[in-house]
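Top to bottom, those sequences are chains A and B.
Residues 1 to 338 in the numbering used here are what the first sequence spells out, letter by letter.
Residues 1001 to 1338 in the numbering used here are what the second sequence spells out, letter by letter.
No lab work stands behind these hints: they were computed from the structure.
Wrong hints could be hidden among the right ones.
[To be verified] No more than 20 Å apart at the CA atoms, straight line, and that leaves these computed lysine to aspartate or glutamate pairs for EDC-like:
#, chain 1, residue 1, chain 2, residue 2
1, A, K105, B, D1091
2, B, K1136, A, E44
3, A, K136, B, E1044
4, B, K1177, B, D1154
Please read these numbers as outputs of a predicted model, since none were measured by experiment.
2 protein chains.
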Amino acid sequence: MEPFNIKKLAQALNLSTSTVSRAFRDNADISAATKERILTMAREMNYQPNHYASNLREQKSRTIAIIVPELANDYFSQVIHGIERVARARDHHILIYVTDDDYEKELAFIRHLHNGRADGIIMSASGEANDHTYLKNLPHQRLPLVFFDRVYEDIACPRITTNDYDSSFQATRHLIKQGCKRIAYLAVNKNLSIGKTRMQGYIDALLKYKLPVDDQLIIDCSNSYAENSRIIKEMLQQLQPDGVFTSVERLAFATYYACYDLGISIPGELKVISFSSLEIAALLNPSLSTITQPAADIGREAARMLFRIFEDPALAGSQEELVLHSRLIKRHSSAVDF
Amino acid sequence: MEPFNIKKLAQALNLSTSTVSRAFRDNADISAATKERILTMAREMNYQPNHYASNLREQKSRTIAIIVPELANDYFSQVIHGIERVARARDHHILIYVTDDDYEKELAFIRHLHNGRADGIIMSASGEANDHTYLKNLPHQRLPLVFFDRVYEDIACPRITTNDYDSSFQATRHLIKQGCKRIAYLAVNKNLSIGKTRMQGYIDALLKYKLPVDDQLIIDCSNSYAENSRIIKEMLQQLQPDGVFTSVERLAFATYYACYDLGISIPGELKVISFSSLEIAALLNPSLSTITQPAADIGREAARMLFRIFEDPALAGSQEELVLHSRLIKRHSSAVDF
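Just chain A, same shape as in the assembly (with noise of 0.2 Å):
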């Protein structure tokens, strides 16, 4: 079949192929009657104008980049269904980049994303990244970005964040009011702010409720399965915590499997709380209570965040925050009655 494109279907319409041309820009100065005989002609041709022709002339690529850490996690398809039904109803594409946490391919995406491929992109931002200084290089009004959840300080962007100090204080009181006293903490990356501030949160409700700090209890475990799982047994044989407070839900997985293993019960031997969007959690064993973040909203908010910027470049380089809470969900893995 020989490609059909524009000047056959001007010249099938009898009309000139900047006529048409104009028709799928939008431009307001087509009569909606041809407008509407030219894109029906055009979907009976299944003719569509060359993308590329056409974002060349106009610039805009009409994709926004959705950049997060893992894909395999509930909480990140719930941010990106939110941020691609904001997206589908104003006609924009999205384009989904994996990191696995590793800084150097966020590195890489966001630099070839400055060719034109993406008019804006949506992040979290790696954990291992701990010197973004190309960050602060790249023009942010050519390329605007909006970070969600995990952001970094020092790059003035606008950000959609949670409660994440109170929620933390508030999980680590529910451990305490159920009568723990050795709480673990277990992080990913405490040098993000992010991990930074869920810390903080852990550590100012141990001291509010007179119970001691001990470093040996704040964890930092890494993206591989094998060694957390090493870590954590090894923490839960030798500290004998009471309590264990995850950052991210792959750790309470871990921690589930560790118990399973050395025989531990949870929640008569340990009570285990974690941050998580996981959408079966209430059918886990035992059922796990969560810090559960309002993820579709965080991606709604997000890409709403974008658009404001299309509109207003300016936007761009503002600190604007926007704080959405979070919901403490008891279930079963820090119950009492065991």
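Using the hints provided, position chain B relative to the given structure of chain A.
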């Protein structure tokens, strides 16, 4: 900051713009030293060639579109990871589109992709697609399509599948050997080929072991959680099966919730097995027996197939099929010793 363009880069290096442009296109007629000099300077200046302009010349986007019915599912995130690894090694990007099992979205995505935004599509077809003649009219040689998992039988495209018939047969036989006599089969869309194949494996296992095939026990569920919950509870109460085999994991979750609500013990009163790649299947209460597809391998092979088509476009219209094998993993939800 004034944007840095290719002309300024060429001036700074005292080279012609066409030499610089050829360096970015990896043209062989430039010396390695000159190329290195150009790329180093470009990196220092944070310059990337305009993606759309260079794609217009090459007519290549170096992008692979992945269309999946859902994201919040370990199977699809593992497949995407498998695709991504192959794509990245060949310096291609991936675009992810989620249909939410909605055929209209699938159609809109594919139409849109035919405008040059991607070089090829890897797709698992959406559940509700009953008429897909539109796909036959698209020029697959220009935008090749590789199916995985859920395919349309009548569309001539390469496909990566798993041994669904055998797997279903094995899962059903496993429940029979565990003592089940009334096994319900929960499907999402019986009209899709994968639904039919899986159902046939179930039916043939019943026949082979001389159990009656009761049409009432073959249940077509929906995409709505609330509706499925109602359907499954009604089925459990009215038909009193002693086994449930679910074709997708979210129906297993719905079955668990229904059993919790109705006080039906798994596996004591009801044994459950499901197609699922859930990484925490062992953490469920009780741990879930699964048929687990080699999801990452499926993604890898689908991507390799697409790159083979890029090299040999004639393959685009072949029905070449690669069949990978799933594994039956027995856990507590189908155990006898309870």
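For each hint, the structure was consulted:
{"no.": "1", "hint": "A:K105 x B:D1091", "result": "12 Å, holds"}
{"no.": "2", "hint": "B:K1136 x A:E44", "result": "14 Å, holds"}
{"no.": "3", "hint": "A:K136 x B:E1044", "result": "14 Å, holds"}
{"no.": "4", "hint": "B:K1177 x B:D1154", "result": "37 Å, violated"}
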